[in-house]
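Q: Residues per chain, in single letters:
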Amino acid sequence: MACETENGAVLRTENLTKIYRMGEVEVVALQDVNFAVQRGEFVAIMGASGSGKSTLLHLLGGLDTPTKGEVYFDGQALSKLNDDQITLLRRQKIGFIFQFYNLLPTLNATENVALPLMIDGKQAFHYQDKVNELLHLVKLGGRETHRPDQLSGGQQQRVAIARAFVNQPQVVLADEPTGNLDSRSGKAILELLQQVCKDYCTTIVMVTHDPKAASYADRVVFLKDGEIVNEIASQNGSVPIDQIMTIMAALES
Amino acid sequence: MRALWFIALRNLSSRKFRALLTAFGVLLGVSVVLAIQVTNQTTIDSLRRVFDRAAGQASLLVIPSSQKNDNLKQSLLPTVQSVKGVSIAAPSIRVNTLPADEATNWQINLNLNGVAAGNFFLLYGVDPILDPQVRVYVLAEGRMPQAGRYEIVLTRKYAEDKKLRIGNWLILLTPNGTIRLKITGLLAAEGVALINDSAVGFAPLKVVQDAFDLQDQLDEIAIRVPESISSKPALLENLKQTLQGRVGKNGDVVYPDSRGAVVSQMLATYQLGLSFFSIIAIFVGSFLVYNTFSMTVTERIREIGMLRAIGMSRKQVLATVLMEAFIVALFGSLAGIPVGLLLARGLIRMTDAVITPSEEIFSVSALTFLEAIAVGIGVALISALQPAMRAAKISPLDALRVRAHSDSKPAKMIWIGGFFLIAFGYFIIYGTDWPESWMFTIGSTAVLTIFLGATLTVTLAVQYLEVLPRHLAAKLYGNEGRLGSANVRRSVGRTTLTVASLMVSLTMIISINSVATSFKKDMGAWIDSALGGDLYVRSAITMRQSFGNQLKSVPGVATVTPTRVLEVRIAPESLPKNTLQNEFYLYAIEPDTFRQIADLQFTDKQADAEASWARLKRGSAVFISNVTADRYQLSRGDSITILTPRGKHSFTIAGVVLDFTGQRGVLYTTYQDLQTYFGESGADRFTLKVAAGYSVDQVAEEIESRYQKRRHISLQSTQEFKQSVLDLVSSAFRLFDVLGLIGIFIGALGVVNTLTMNVIERQREIGALRSMGMTRLQVMRMILAEALAHGSMGGIYGLLFGFLIAQVMILAMNLMIGYNLSYKFSFQPFLVGLAIAFLVAQIAALGPARRAAQVNIIEAIKHE
Ligand SMILES: Nc1ncnc2c1ncn2[C@@H]1O[C@H](COP(=O)(O)OP(=O)(O)OP(=O)(O)O)[C@@H](O)[C@H]1O
Ligand SMILES: [Mg+2]
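Residue numbers (my numbering), protein chains in the order written: chain Y, 1 to 253; chain W, 254 to 1117.
Do not take every clue at face value.
Which chain W residues stay away from chain Y? Per the calculated CB distances, all over 12 Å, these [said to hold, decoys possible]:
no.: 1; residue: Gln386
no.: 2; residue: Glu443
no.: 3; residue: Leu488
no.: 4; residue: Met565
no.: 5; residue: Met642
no.: 6; residue: Val741
no.: 7; residue: Asp857
no.: 8; residue: Glu863
no.: 9; residue: Leu887
no.: 10; residue: Glu933
no.: 11; residue: Phe986
no.: 12; residue: Met1035
no.: 13; residue: Gly1100
Here chain W is said to cover these stretches of chain Y; the calculated rule only asks that three of the stretch's residues, wherever they fall, bring their Cβ under 8 Å from a Cβ of chain W [said to hold, decoys possible]:
no.: 14; segment: 59-69
no.: 15; segment: 115-124
Calculated lysine-lysine pairs in the DSBU-like style (CA-CA distance at most 35 Å, straight line) [stated by the list, open to error]:
no.: 16; chain 1: W; residue 1: Lys1115; chain 2: Y; residue 2: Lys198
no.: 17; chain 1: W; residue 1: Lys1115; chain 2: Y; residue 2: Lys122
no.: 18; chain 1: W; residue 1: Lys1115; chain 2: Y; residue 2: Lys130
no.: 19; chain 1: W; residue 1: Lys1115; chain 2: Y; residue 2: Lys68
no.: 20; chain 1: Y; residue 1: Lys93; chain 2: W; residue 2: Lys1115
no.: 21; chain 1: Y; residue 1: Lys130; chain 2: W; residue 2: Lys728
no.: 22; chain 1: W; residue 1: Lys1115; chain 2: Y; residue 2: Lys139
No lab work stands behind these hints, which were simulated from the structure alone. Every residue, glycine too, gets a C-beta built ideally from N, C-alpha and C.
Chain W on its own, in the form it takes in the complex (with noise of 0.2 Å):
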């Protein structure tokens, strides 16, 4: 067993740059998964950390009955305080606003999932004494507001951003006009402090109930119980049961992760991408490994030869080389962690730029790391099995054998399996139904499925296809590159790898980029239609509905419709068990100013769109999304129970509407229905449409000199926002290019290995070549006439294959987010995959044809 290890090493160490690329491709592996896991699991931790923080040291919460749409009343609190086992009792309310200085410029920002979400502040009424006691509060510097006092702590950061200082007045849009409050400290980055991405400020709960016409009036409370009660979960659900029996129809009482669960809900998506490409890693990463087993076996036929005939059985033989596969991954595997982490960091980054919150923490067990490396070393003996087996089967004969030099065409039988397996994966996804929860796992398989498939089909590619380059190689380096670009039928087993991580990488890139301008396209044409006109004119604050005559009357405007937001809950009766969301939005419209400026898409089918409108304005009814119908399984017809201030009532789905805003359901109604069901009026926004012969500036500027100073208002054209939304699906996207970029990486590391070998391989050849008056610019030019040709094939799988799996991801996305995309034709991707293909393997070729360059004549045609 010493001895074997021993070989092992040794073996190594003769070909150190070779060790050193195999482990390279462990590392890249270990890497990437380790990244990959560190990122969803650090972002799920630092929502939940936020909201935890949000909930800080409260156990239990009572939060508004999900049987009624109203807050909770004050009077409740002292209930709540006297059941025994509750220590502390914290009121609060929320209320979104701005500073009165900005509500002229203020914007809609959007979030990921196009919900629309203004960048408000968030104003906090609490108690000063009690909610330090169950949230954490950091001062930074001065100290908490005094109960009653018109005085408010922000976060530091945001008082930077507004270079605001303890002492100064912050000033506040409030329904009535404005308040004043005085900054008495700022809070350090921590617990409450990360809320709503630091915009946010904690005054007295009084004053802001009194501000904002909310009195008696909470949110939450948050309670704060004995640790002997709420480390034993049993006890909690034993209070939390008293606790509900006390608040009874007017509140429910909750454990305060419940929210962080809806969130990590949102993140579930991008971490499947995530996930699916780290499978992707490891495949290709696997790729090196096999590449260079197969590699040193092959070269050391004759070597084991000799030693099975001094005595070393096959089992032997099979042990040292993966021996050697064990020593590698080792190294591979502990390098790639610090390399995983690294790139982790900058995966946290960017997933910071569309979930807002997190924090620079990582979130990592040891478990995560055994994991990893457990990973690296399981994929590099699976990879170096074949190779080893090979070896094994070595008979003492082929040592004496000369080698013999013989490209070998490939087994029918593979590239036949190939093509089965493409059909077969094409038709796991286009040909079954399969239900929901297993989508992402058969999705998956098939997708690899169809990769496997189409690698082993690359083995026949290389024998036909190889001439395409070779014209293009010889037009760009001449006779040197049409001899470059043959050798590639040399090793097709390297070949195939090769080109399929090239392949694999390329369509990564190709199919996002395909998926991403699909769906910008579709989601322009649905701002086009949906949101209609040409200028919204905005407030943070609800805006009366005879605004929208003065809008009209200003001169340029055609047309003028209002639209009211509001958040209503639906009764759990009418969605499916186990929702956690049960929070939709309501958009209330006009629907005859409506249809002159914008126009609703009907998905269902088989709707009639005048009936659908009709059966609108007759009331009691709803519009809903096509997300909202796919997520909670409603369609047109079924009937919806809304949670009104008034007591529930049941409306009618009277059409299946397209949307693109995601994550919340999405409602619409009449405003005669928000009128007589929810008592409300005014508007969020009003769209206009400008008459013929004026232009959209000229009439913005119009109300912006008649309304802004008054109204608080803003004002944005259809066009600013549309490009907003689109720049917002764009970052959205921009994970992914990343991803796609590792990608690139990982395919140009396969061209790196695969020429190193040939280079290696063929040392005699290109000492030959040289002597027969190469020069070495000429060999380097043979080499990456190589490249060119392992470049283009890639490119033109890659073109193909991406084309394909575009498709099959905007399915998945249909079938899994409720989305109702189609796919549409672009050049662009598909230029910048072909483009991309040929640059990459060329940069990637460099360093081994120079290595080819550098060959020594004498050494290379010495040995045999």
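Looking at chain Y on its own, in the form it has when it is part of the complex (with noise of 0.2 Å):
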């Protein structure tokens, strides 16, 4: 695929800090991270609870600004965008997919996944073949008429998943997809997320607890307080969970 020829770093930090500021007290949420993620690469984020995985994803995507350091999205420094140039960025080539779906409660599946669509001031009815082929895709065919509340989260999710990626997105930022679902639905969105990445060369980055949802990924990126201490890569197509197993022990320990 096109995926392969084009190589070099989609995404990539340089001294990434970010440090919050509560009265006397400063909590260091990351610190100097250097870190890259390439072309059509599935990368997976671990770290103990609060040791900055959230906080990665959000500066990643131009949701937060860092204290210190840059992000290149695609060799373009976030810090010299204004508010509206980094909201068309994330229009335009980046997809986040929740813990908590966020979809709209008033619109239907078919409209939750146009939805960026929509907000790119497109016309939803001449996109209706793709959002199928996605809903399709996602396993959702027959449900394109049902709203949030008539669909399970596992459901749910792969909404988000469809509309994550109905763009056409260069990087897709999920924080822990699979943190709400049962092991049986997480399985099918982690294969669906491995599907897609090399389906549509898209660049996945996946914040997870799981390290069987890390296993799926092309590379593990392990986070202690704030820093990277560790990074294993896929050998045969997957991340060995005992290894992964192994690194979270050591770092919760």
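Starting from two chains that each stand alone, build the complex the way the hints lay out.
A: Rendered as structure tokens:
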């Protein structure tokens, strides 16, 4: 696929640091993180609770601004962009998947998937085929007109995934996408992510607590107290779960 | 108990902004109620005070007899003075006149009720020694006039307006020419100086009597009694009886405030309107409170479930919510007091413009404040009751359940009930016949019932009408507009209340505007036909009838008809019992010339115009106005007894005619009857018809050049007069426009409240949309679109019910005042209303929209 020919880092950070100040107290959420993600790569980020995973993800997606350092998206320094420019970047090049789905309760599955297109001012019906294709891909064919409260958690998360991909983003950022799901639906979602990552040559950065989930990635990055402390790459299509568990155990002790 | 207060306080302080909004709802209700209360009280009091001041420290007054149409005789004075218990008896006489230099540009002013009252100078003839002992004179400079001398005191205000100083001469018109009075003193704006809007002066009695050919005549004897009598009602009543016995048929002995009472009656209609408005304010204020509390409870389902799980009883949950409401209401009410007073100031100014005399003094009692606070707290508790009960029903299990996002379809019962209420309200108004004294209560209850019914049907409209604004929103705001508009269907309850509050305020504006328009149209038509002619020639002093012939000889004058206006009194026996006002206006006309120029419309449906006119011309007959007919329960064929200078005389009512001059009774008779029964002639007004080929201005100029200098006449074209009357009507309705504006403000608050709640509640969603690439501007547009949906639904409802309520209001005016108005449709109020609905909703939405645009994405998406 086009993916293999076009190499290079789509996301890169330089001394990325985030410090929260609450009165006297300073919380260092991220400390000098240098990290790069290649085009089409599926990266999992792991770490104990409070280690800075979400913070990193938010900075990568331009949802938050760093205290120090820089995020380069496709070579573009995010700090040089204003709020509207970053918003447009997110709209056109980044997809988000959250732990709590965050679907609009008033819209049905199709409309929720088409939402990013609507935000972009497009007439949703021109993209009907594409939306349907995505809904089929996430195995929700026949559920198009159901609204979120008529869907299970796993189904809602699949709608959220379809939504994240509808704009053909270069990067999808997922924060614990399987955190609220049972293992079977979780597995389905991870397989789906893996598949679309390859099919559409989309870069995926996924935060997770679950070693099983992380094992679907091409590479797992470990955070501790806001710093990258370890990294393992996949062997034969998956990252060995026992290795992940060993490292995690060491981090949490 | 302590713990509950603690929890309640904590809940409030953790949602400060919302608590503030709720308090604002209370503040609004309280301040409007207070302001209206204070305005009503103050206007009544200040009017009463003016009359009290005019009567001063007098405990009793002797006024002309209601059995005869004549002045008091001065010879009565010694009789009165000799009665034991009378310490001072001060005689006075009043005449209306004008400074000579003003005569030519003198115009008729109209007061609120359309009664023509000239901007006269009111000249009192008094005893300079005795009068200050019964009335309040506060000299700013100079001294009182001396008895028998050609001297006068003026009010400082009047003197300043006319650029007069002590030592100057004031020249006043009299029936025989003019009189020159030297100004000796100026009065400060207190006591007597407030009479007649300060256009008043006091000269020695004899001087005034001589100048105006009123030798030995009096209008009033003010009586002062010792404190020992005046403080005991029984003794005073005794003295009153004794005096009446002495005075006999030559006069009536009355308590001074009876005139104040008449005036307060005038205010009554106005005040009813105001009171009705305060009910509306409470209605909408309670929306706001209900809105926030019901949201707070929804949001806290888990928390309350948890509290229940650890042992809080249902009663305690209920109590906590009500305590919150109490705390918020207390603060809201307290803050509402200064705001209410401020508002009252504005309202009083507005009332001033229409009901002349009032002072910068507030009439507020501690009780009024307490009442307002009680209303605030009461309304807040009642509005919070339903949410509180809902909170109490939450089971511990609810804490464990994941909140389901479902938009509830409104129960069928609700909107069916709504339609039922509308029909019921409609039936009350149109299907039944209520006694007049119940009219206001029943009428406003019916209107509220209709409003309530309409509110309930909004639940249905939100489902089916929302598609209309959605198209509009999509046009204006694109895709995010579509999203925003659809959002109104999510919290049907909240949307309903917002739409309802917009509807209520729009209805007010549209209906008042429609009534004003109809009123003006009818009044304009009436002026055209009943007054007719092209030109009025008037004089402050009655003109000779023969002057009409001279006018007729002016080139270009086709027809001339004279009118004479007299104040007459009606014998009490031909009026309903307890009628305070028995002074009527009697218009004398010359039927033949009159009908060449103007036309009276008979409101009595069976009446034959020709027969009615024929009856009038036969003599001993009058026409009465429709308002008079209604107020005094008179109709064609009845007879009415008028006190004439020659004794009582009974006149047959030959017809009931359309008339807009309000407060007093209005009678028409012929010059012949005027001559026969009142011994009067002359004309106060000539109405002229200009011949074809001549312009009104041309004729007016010719008349001015011939007669203005010599005759002290003033000319006014019918068109000018009509305009001045219509302007007056507009200013009378302006107060209600202001109320409408307050209503709009309230409606806007409803929009702000709801949208703020929605934004707070949908933070997560907004965060998610932002993360998907929605710009801040788009978020704002989305919220604006939601407001657009509120505005357009409120607008549609407002138009519909404005149309209905306008007709109800006209009906009510016809029934209560006796007018014969008919509803005239005009687009303007509806267009204005619709524009207001859209604009107000958009402006109100700006704040919440900005708030939404500022939502911190990370904070928003972080927590469940
Ligand atoms: N708004 C904030 N203000 C102050 N401190 C914060 C804020 N957000 C995060 N932190 C702190 O920053 C650190 C990193 O937080 P972050 O949410 O990135 O952790 P995480 O790795 O995602 O944890 P989890 O697995 O529990 O989601 C934590 O110590 C947290 O307390
Ligand atoms: Mg996290």
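Q: Is the Cβ of Met1035 of chain W farther than 12 Å from every Cβ of chain Y?
A: Its Cβ does come within 12 Å of chain Y, the nearest being 10 Å, so this is violated.
Q: For Gly1100 of chain W, which was marked as not at the interface, is the minimum beta-carbon distance to chain Y over 12 Å?
A: 20 Å, holds
Q: Quick one, are Lys1115 of chain W and Lys198 of chain Y close enough, alpha carbons at most 35 Å?
A: The hint holds at about 29 Å.
Q: Taking C-beta pairs only, is Met565 of chain W more than 12 Å away from all of chain Y?
A: 28 Å, holds
Q: Holds or violated: Lys1115 of chain W and Lys122 of chain Y, Cα atoms, limit 35 Å.
A: 29 Å, holds
Q: So if I understand the rule, the pair passes when the alpha-carbon distance is 35 Å or less; does Lys130 of chain Y with Lys728 of chain W pass?
A: Roughly 25 Å between the alpha carbons, so the hint for Lys130 of chain Y and Lys728 of chain W holds.
Q: Does the no-contact call for Leu488 of chain W survive, Cβ to all of chain Y over 12 Å?
A: 78 Å, holds
Q: Checking the smallest CB distance to chain Y, is Leu887 of chain W really beyond 12 Å?
A: 65 Å, holds
Q: Is the listed coverage of the segment 115-124 of chain Y by chain W valid when you require three or more residues with a beta carbon under 8 Å from a beta carbon of that chain?
A: holds (count 8)
Q: Decide, holds or violated, for the assertion that all CB atoms of chain Y are farther than 12 Å from the CB of Phe986 of chain W.
A: Phe986 of chain W clear of chain Y: closest Cβ-Cβ about 44 Å, beyond 12 Å.
Q: Measure nothing beyond the straight line between the CA atoms of Lys1115 of chain W and Lys130 of chain Y; if it is 35 Å or shorter, mark the hint as holding.
A: OK: Lys1115 of chain W and Lys130 of chain Y at ~30 Å, within 35 Å.
Q: Is Glu443 of chain W truly not at the interface, in the sense that its beta carbon sits beyond 12 Å from all beta carbons of chain Y?
A: 62 Å, holds
In summary, the numbered hints that this structure violates are 6, 12.
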